[in-house]
Amino acid sequence: MFRLLLQELRFRRGAIIGWGLGLCFFPVVYVGLYPSFADQMENFYKILDLPIYKALGISMASFEGYMASTVTNLVPVIMAIYAVINGTGTLAGEEDSGRLETIVTLPIPRWQIVAVKAIALGMALVLIVSIAAAGAALTLLTILDQVETNVTVVDVFLALLSAWPLVMAFGMISLFLGAFSPSRRIAGTVATVVVIASYLGSNLTGMIDSLKSIENLFLFHFYEATAESLVQGQKLGNMLILLGVALAALGLAVLFFQRRNITVGVWPWQRGRIPEGERSA
Amino acid sequence: MTDHAVETHGLSVYYGRHRGILNVDLRVEQGEVFGFLGPNGAGKTTTQRVLVDIIRPTAGEARIFGLDCQKDGVTARDRVGYLPGELAMYESMRVRRFFRMYASLRKSNRDSEHWQALSDRLELDTSRRIGQLSRGNKQKVGVVTAFMSKPDLLILDEPTTGLDPLVQQTVMDLVREANQAGATVFFSSHILPEVQAVCDRVGIIREGQLVATERVEDLMTQHLKRVRLSFAAEPPTDAFRRDGVEITARDGQSLTLEIRQDLDQVMAEAASYGITDIETIHVSLEEIFLAYYGKGNGGSLV
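Note that the protein sequences, when read in sequence, are chains A and B.
Per my numbering, the first sequence runs over residues 1 to 281.
Per my numbering, the second sequence runs over residues 1001 to 1302.
This is chain B alone, in the form it adopts within the complex (with noise of 0.2 Å):
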């Protein structure tokens, strides 16, 4: 286990009665960005959390760098920049004491004056005080005090949030950069095309257990395709009537399709009431996601 930048084996946490996170077995490999999708209560949060030991697992290991996150928690945190979910800061601190404050409590700040290139980047202001910041430029505030030791690893919790659009560009410009630069990136998002745009693999929690790992496009391209399909005659009303398809729209001899299993068959199907055309839709990560947790949806992608 000393390959990847994170890695998670059997990984519990419960609450008293209340489950967390439950047998999270989790790879994330080294120089990778890897988004946590998930929706709220599912898990995300409390999986990072472990990972940078503000929660004890109830079971399980988890591993930074091949080091246990409690045990050598102080060299494995050493290598982590973290930005939380819900950033709370010293009210009163201007924010470049802040920044100062904070690189020089790192044992291996790599460039102790990076944050000012961040902040100028993110167009933060450090000249005033936290408490008087707008929510999405304490948002920047935590941005930069996630990437200013240059980690090798960021766990962004959520990085986005708060931030107007083209702020939320610079800061996946950030993140790209960062992994360009050598950096895993290991981050949680909702905001599923900034995840489409910058993850090399995802992982699916729901409910506390990990349900999918899959590359990007491996995602898009297997598990959800949705095609329009033009037939000679109007196919019969009951066509295409099976598990894992969906009919979504219906337009005289056109039927368009969202097909998640079965595709051979759906095609002969197809076949036998004379196609004409076929059209392939794109179908967006965010789709992919609603139909994984949509209504009465309780598939695996695994």
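If we strip away everything but chain A, and leave its shape as in the complex, we get (with noise of 0.2 Å):
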């Protein structure tokens, strides 16, 4: 299973640096540039506060406000296409690849495959986590003696750090739905909506009082990118919850994935039945 392990971190290497570095791009510009526009800043505040903006979850009137809008609101959002990507890669594009079949045929239990290869994905999205907070934090750290603000380097990357529990809950679903659909396109399809739903819906819900009730249903209602959240670090038990969907997702990837006739890509649902006419052929 360790070997196994391995092999899978092995095969992420590179997606975990390009991933990681990429997403360190993120913070540099947005924070690296901030001293050069904070004047200004000011001046824009007011416009956007507008609702819409809101609903975005973008609030610029302060610089932890900017840095909640535009680093811990965003890199989320962008870990999340990745966790889809990988995780719908991880048993739907490896079945339709046909690499999938070299791999079950092994003398490995289904469930360690699945356990293996979620434990990988789960370890490569909190290093590329890892590395983006890393990225922030040291940007931070040059800019820190040029803008007024509480928000500790420390603070940043743990900011980053905790989205990771938001992603690692979409890339469990991404990996339960490539065990469950015929196809990675399919897999992919559906947990991209997922991702654009959640956060469009959670921010919604958060601006729509009439929409306050379904407000749970969107994970990224459990995760707060706000200038608050910054210096004050994520509500535990919304970081628990979304740990809990990671895991039944698992599961729910290793029941579908248990029953998988590998190759055929087909519906659970569309299990072959024989024929009444032909039972006793």
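Derived from the structure by calculation, the hints contain no laboratory data.
Do not rely on the hints blindly, as some may be mistaken.
As the list claims (entries may be wrong) - Simulated DEER-style distance windows between Cβ atoms:
# : chain 1 : residue 1 : chain 2 : residue 2 : range
1 : B       : Asp1120   : A       : Leu21     : 35 to 45 Å
2 : A       : Gly251    : B       : Gly1016   : 45 to 55 Å
3 : A       : Ile208    : B       : Glu1061   : 17 to 27 Å
4 : A       : Thr226    : B       : Gly1131   : 43 to 53 Å
5 : A       : Leu243    : B       : Pro1165   : 23 to 33 Å
6 : B       : Met1267   : A       : Ser183    : 36 to 46 Å
7 : B       : Asp1068   : A       : Gln232    : 54 to 64 Å
8 : A       : Leu5      : B       : Glu1061   : 48 to 58 Å
9 : B       : Asp1068   : A       : Pro182    : 24 to 34 Å
Quick caveat, the model's predicted, so the values are computed rather than measured.
Virtual Cβ for every residue (Gly too), placed ideally from N, Cα, C.
From these two lone chains plus the hints, build me the complex, please.
As structure tokens, then:
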């Protein structure tokens, strides 16, 4: 099992480095350039305080708000896209390409294959988030003497790192969809819709009181990208809920992968049945 | 159900409404080389995929060395080397890394470096990335992967596909040597001469159903005979017009017949025309196979 895990991590090595450094670009640009236009932000904040921006979680009235809106708000969205790509690619993608057949025929239980791939995906996600968080923290360190803020380097690092339960939940949902649906294309489409609906739904329910009752349906609701959360951190209860969702999705992935006919590409309810007339053939 | 390398009972697989295989009862003895014949879509690959638990049966059961392929699949697969028909691997990996990874993932790998000897024998460059290999070389990677753990049972889905004739011969030699070392080999093929050359028995599957399981020599001697008969005088034009007999050549006082049934009656009829010579012509397994699947032949060998 350990060897398989090592191998899975090896396969993801390039993606971890690429996505990690790519995501660093975000805080480097947004945070690094802040001192050069900090004065002008005060003039914009009234415009940027419009409901539509609130709906997108954007509030730039302060440096903390700016950081939350540009970095801790958007990086998890991009990470969720990676989670969808990698989560659906892990089982469904490998099945589509035929590579899964090579692994499944080894003397390894199917639940172990899913578990190892889920652990590898989880580790890849935490490493990517860590690289992006380190990039954000180092960028803040370079401009800390040029901005007025009570946000520390550690705060920024932890704020981004705490997005991991959210992206892990999306990763495991994608993994489950890969084990459940006939092809990666379908799994990827559904998972992308889930991410987008969750992001927009979470923001809209925060803005429209009549939608409050359904806010718990959207995973982004359990992740706060606000100026306050930058300093105070995410609520433990919310993080546990997200990890619970990830665990439940992993459980479903194992369940459906155990029953899956690899290489066939059908929905679970399309399992074959022998027609009455042929039973005694 | 413990003495057979492979045993299926009432094995059926349906893909939705589409039939994969139906009521396949198959026994492969330990230590034999068993060839699995059938046209594309007949159910060969489906049967093999059930054995390695890629596909779950709709009905019936499949066992390897007495172990249920699904419930005891991990233990069963530890004794199996499998070569899929459509091979897909990690394109960015170097061949030797792939072999080392694959060897490390088996519980009872008996010779962790056996892949090296196999690669040398097949003249496979293991320093190259899999994605850079030709189709034939990728097939060699698959062959090595199947043989590298010296398994008790080799399940090979068209093992020589894409290989040049010399390498095909080497693969067949590997099959023979594995078999001589005690391994059971269960392989499907479209190349009938190689089946004829190495197999003890063959199973013929048609439209998802196993229609024959016979020893190769029995199949070849019992089910299709080709004879050239010479007569003192030209036999009448309506001679040998009967079911199961086909006149494939007529040359004056000689006739070439393909006989599938009632050999004694055909000989009796021939005797009535005054036979002067009988010559038995060799019939290859391929010709038997084609006769079996040929136009309008709905007969069964069983």
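Each hint tested on the structure:
1. B:Asp1120 x A:Leu21: 35 to 45 Å: Since the Cβ atoms of B:Asp1120 and A:Leu21 sit about 41 Å apart, the hinted range of 35 to 45 Å holds.
2. A:Gly251 x B:Gly1016: 45 to 55 Å: At roughly 27 Å between Cβ atoms, B:Gly1016 and A:Gly251 fall outside 45 to 55 Å, so the hint is violated.
3. A:Ile208 x B:Glu1061: 17 to 27 Å: 57 Å, violated
4. A:Thr226 x B:Gly1131: 43 to 53 Å: 46 Å, holds
5. A:Leu243 x B:Pro1165: 23 to 33 Å: 58 Å, violated
6. B:Met1267 x A:Ser183: 36 to 46 Å: 60 Å, violated
7. B:Asp1068 x A:Gln232: 54 to 64 Å: 55 Å, holds
8. A:Leu5 x B:Glu1061: 48 to 58 Å: 33 Å, violated
9. B:Asp1068 x A:Pro182: 24 to 34 Å: 27 Å, holds
Of the numbered hints given earlier, the model fails hints 2, 3, 5, 6 and 8; all others are met.
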